[in-house]
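K.L.:
Residue numbers (the numbering used here), protein chains in the order written: chain A, 139 to 626; chain B, 139 to 626.
Hints in this document: simulated from the structure, not taken from any laboratory. Take these hints with a grain of salt, some might be off.
[Claimed, not checked] Stretch by stretch, here's where chain B covers chain A in the computed footprint (C-beta under 8 Å, at least three residues):
#1 158 to 168
#2 179 to 191
#3 228 to 234
#4 271 to 280
#5 291 to 302
#6 421 to 433
#7 487 to 497
Keep in mind that this is a model prediction, so the values were computed, not measured. Quick reminder that beta carbons are idealized off the backbone N, C-alpha and C, glycines included.
Number of protein chains: 2
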Amino acid sequence: MNIAQITLSHRQGIPLYRQLVFALAHAIEQGEIQPGEQLPSERALGQHLGISRTTVVTAYQELEAQGLVRRQVGRGTIVCAVAKDPHASFAWQGKVARGALRASDPTLRLLGEISVDPTIISFAAGIAALDLFPSQLFQEITARIWREQAQRVVELGPTDGLLEFRQAVATMMGVRPSQILALSGSQQGIDLIARCLLDPGDSVLLDAPGYLGAIQIFQAAGAHLIGWDSIHADLNELEDLIVRYRPKLLYTTPTFQNPTGHTLSRQTRLRLLELAARYHLPIIEDDPYRDLAFNFKPPPTLLSLDTQHLVIYLGTFSKTLASGLRLGWLAAPESIVNHLALLKGRSDLFTTSLQQLVVTELLRSGIYTQHIKNMQRAYAQRQAAMLGELRRSSPPDLISSFAVQGGLYLWCQLGYGIDARLALQKALQAGVAFLPGEVFYPDGRGQDELRLCFSAIPPSKIVEGVRRLTQALNELRSAPKQEEHLRR
Amino acid sequence: MNIAQITLSHRQGIPLYRQLVFALAHAIEQGEIQPGEQLPSERALGQHLGISRTTVVTAYQELEAQGLVRRQVGRGTIVCAVAKDPHASFAWQGKVARGALRASDPTLRLLGEISVDPTIISFAAGIAALDLFPSQLFQEITARIWREQAQRVVELGPTDGLLEFRQAVATMMGVRPSQILALSGSQQGIDLIARCLLDPGDSVLLDAPGYLGAIQIFQAAGAHLIGWDSIHADLNELEDLIVRYRPKLLYTTPTFQNPTGHTLSRQTRLRLLELAARYHLPIIEDDPYRDLAFNFKPPPTLLSLDTQHLVIYLGTFSKTLASGLRLGWLAAPESIVNHLALLKGRSDLFTTSLQQLVVTELLRSGIYTQHIKNMQRAYAQRQAAMLGELRRSSPPDLISSFAVQGGLYLWCQLGYGIDARLALQKALQAGVAFLPGEVFYPDGRGQDELRLCFSAIPPSKIVEGVRRLTQALNELRSAPKQEEHLRR
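Produce the complete structure using the sequences and hints provided.
P.N.:
This is the structure we're talking about:
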């Protein structure tokens with residue numbers, strides 16, 4: 139293979155390592171690199187392309203995860219597209235569409251696997267405090283619904299969602315039931331919106347750092363991603379970006395943002411809405427964390443401040459109750475709700491009625507409101523436990539973070555040039571997981587940042603997890619040559 | 139508006155009425171037709187375009203369903219894009235992407251609404267015999283899982299599905315667990331496959347008539363749809379189509395096909411697989427009805443006959459247990475399962491664990507096998523009740539049908555040139571629903587055909603529904619001028 143043919147683009151958009159994955163995977167699929175052939179060493183390829191060795195390492199790991207290469211001590215990285223797959227008599231890889239090849243980052247899928255590994259204390263996925271889930275109440279309501287409304291549980295449900303669920307949510311949101319669409323989790327909402335509003339080549343403005351699930355969906359839609367620093371929230375910069383890139387939509391998490399925990403002020407919200415109205419820019423307000431405030435009243439939603447009907451609001455019960463419910467909703471003007479409902483019908487017909495019926499009962503009975511208060515208290519305690527232990531067990535120049543006023547996350551800065559992806563490997567060996575900062579940026583930044591979720595785990599286990607983490611970081615700091623060892 | 143600018147294509151692909159909907163919707167969105175303006179009469183536009191008046195009527199009805207026009211007695215069809223929508227201060231309609239505009243047929247969504255209307259006996263949606271659902275057993279198992287495994291119900295689940303579910307399904311299918319991906323219903327599988335394998339402009343071969351959910355998904359993906367008559371199953375014709383259109387995939391329901399009930403013979407399956415292997419053509423085997431055989435053993439699945447690993451198999455518990463579960467699976471070579479799992483992670487993260495755990499228990503305990511036998515008996519009885527009453531209450535030249543060996547459907551031919559969409563309107567007034575044949579074709583054929591689902595309803599109610607239907611048809615036959623009345 140002639141590596142001179144590979145070219146990478148340093149412009150904003152797809153991270154370098156991902157570009158490299160595509161280039162190599164393509165060459166393997168096209169037979170330009172044959173099974174059994176050895177890829178260049180990470181160092182050599184990095185030097186040749188003018189990128190860091192770490193970037194090449196990450197790309198090779200991705201190729202390995204995709205089953206295209208095998209990495210062997212002493213032999214380097216060997217192409218195994220054919221040999222490894224017992225089904226390779228049919229060339230599936232060559233059948234995959236451009237859209238599906240665009241975003242192949244397996245992070246979301248890995249999260250599910252890590253979170254069920256009992257040996258790992260995971261600060262990785264953004265998960266509710268399941269130990270505080272009102273399990274007994276939930277079971278009782280579930281049993282009652284089965285007794286009284288079994289037919290409704292098993293029958294074909296309406297694509298828009300059950301009317302009583304939409305009414306209960308509409309009441310909570312202060313909108314009409316016809317503005318509500320039930321979702322199989324709010325992730326589905328982002329996916330439907332991308333399918334409804336984006337053509338390949340469209341631009342999307344979004345928080346950077348921001349939610350990785352949204353980044354992946356917009357990338358897969360073939361969109362050009364434009365990051366906006368929502369912490370500094372410079373609206374002149376935002377206007378410049380709008381004028382320059384003519385984005386098709388703005389995606390933001392204005393309240394207790396993921397991953398930074400930041401909240402946009404009321405004043406910023408109003409000016410943001412003004413800009414959006416002036417430039418006819420739809421806003422996607424992703425708002426999973428609003429109810430999880432710690433002695434703080436967040437400003438009103440963009441949806442409620444919006445007089446121009448340009449906001450699509452996404453809500454979920456994943457962070458307040460449990461993500462296992464797969465239940466969320468969107469609230470938006472009827473005309474776009476109808477379009478999104480058509481798309482939802484095509485993608486999974488409807489969301490299970492049982493979950494909608496149980497949650498409707500929780501909302502109506504006031505149990506949900508009481509539960510939220512418990513969660514707020516617990517999350518505040520958990521944040522305090524995590525921040526306290528971070529500060530006790532590590533100097534701020536190794537890992538630093540700020541307290542947040544709500545939500546699930548601490549956003550941390552690593553010192554000493556430690557690479558967060560390397561730190562994750564070391565941490566996993568020590569039995570603790572987090573998400574490296576890079577996955578929250580559309581453009582490969584964030585290599586020295588990471589996100590810790592404090593909500594999922596009781597305080598005592600948080601302390602143990604933080605100790606494992608800071609010890610792993612300390613080892614990385616004192617043994618920079620460790621990198622070589624880890625990668626082989 | 140200058141209707142002379144509208145041109146329709148008579149080539150195979152998008153139905154004429156749908157082409158007309160797009161052309162008019164586009165003109166309305168672009169402001170070429172203004173709110174308040176009157177569209178040409180159905181007759182005039184039909185004559186001008188050289189298409190039937192019925193086609194124009196159907197197009198106008200679609201536009202009305204989309205909220206773009208209003209039809210008033212004495213005033214004709216009036217454009218109301220702005221006036222009708224209270225949120226039209228933001229022009230959402232103009233923001234919708236090409237892909238989302240491609241398939242706006244609301245049939246799937248309407249099915250959900252019709253099926254919960256208690257005044258209508260619905261033969262429309264393909265629904266299991268919910269009156270025979272093992273509700274008590276299901277509740278007991280659900281309660282036990284909540285007691286013993288509450289944590290697993292609420293936590294983040296793996297994107298691929300719970301291992302025990304995949305193992306149980308793999309055992310049933312005779313494949314490895316790593317070849318199984320849990321789905322939120324098999325509809326999701328078709329959607330994921332389309333996203334994984336299709337780029338806009340690709341061709342897709344599929345049964346015609348065939349499953350409307352698949353047609354809608356492939357059309358939305360921008361594919362060129364090529365119908366293959368799977369009842370006559372002429373493999374020379376199939377080869378011609380493959381050579382001529384170079385399709386990206388073949389979608390088929392080889393066993394108790396939807397809507398015709400037809401089953402491909404073992405010999406045809408083997409030859410189909412040979413052709414697919416020769417032309418490197420992936421096959422999607424959608425197989426929701428296999429277990430619902432009436433004293434008949436269907437030939438082996440394409441998946442099990444396939445030696446080339448080119449089949450993706452879709453299964454579901456919607457037709458044997460209940461569609462309210464939203465639980466299906468796919469079985470395929472690992473390399474393509476991995477791709478599809480990545481896409482699933484992006485679209486809804488994972489499928490609820492509770493349903494997987496309950497169904498795993500049903501599979502392991504043998505309850506499922508016993509339940510299937512009950513369903514087979516019941517479905518055979520229901521088909522007999524429907525066929526018997528059809529033949530008693532109507533001459534075969536009005537509506538005719540053949541018995542099937544399994545599945546959920548009778549496929550019927552209307553006589554006297556009765557249009558099935560018109561018949562549906564009349565039938566709904568009489569309190570009975572079905573699906574018009576047209577929705578099962580990618581190219582607008584089937585105007586004198588319709589599908590009746592016999593599985594959902596107990597025999598006595600089936601008889602009443604068939605009587606309502608045949609009476610409505612008899613009225614249509616004796617009053618052909620009815621059309622004019624109905625359409626206004």
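K.L.:
All hints, please: hold or fail.
P.N.:
Here is how each hint holds up against the structure:
no.	hint	in the structure
1	158 to 168	violated (count 0)
2	179 to 191	violated (count 0)
3	228 to 234	holds (count 6)
4	271 to 280	holds (count 5)
5	291 to 302	holds (count 8)
6	421 to 433	violated (count 0)
7	487 to 497	holds (count 7)
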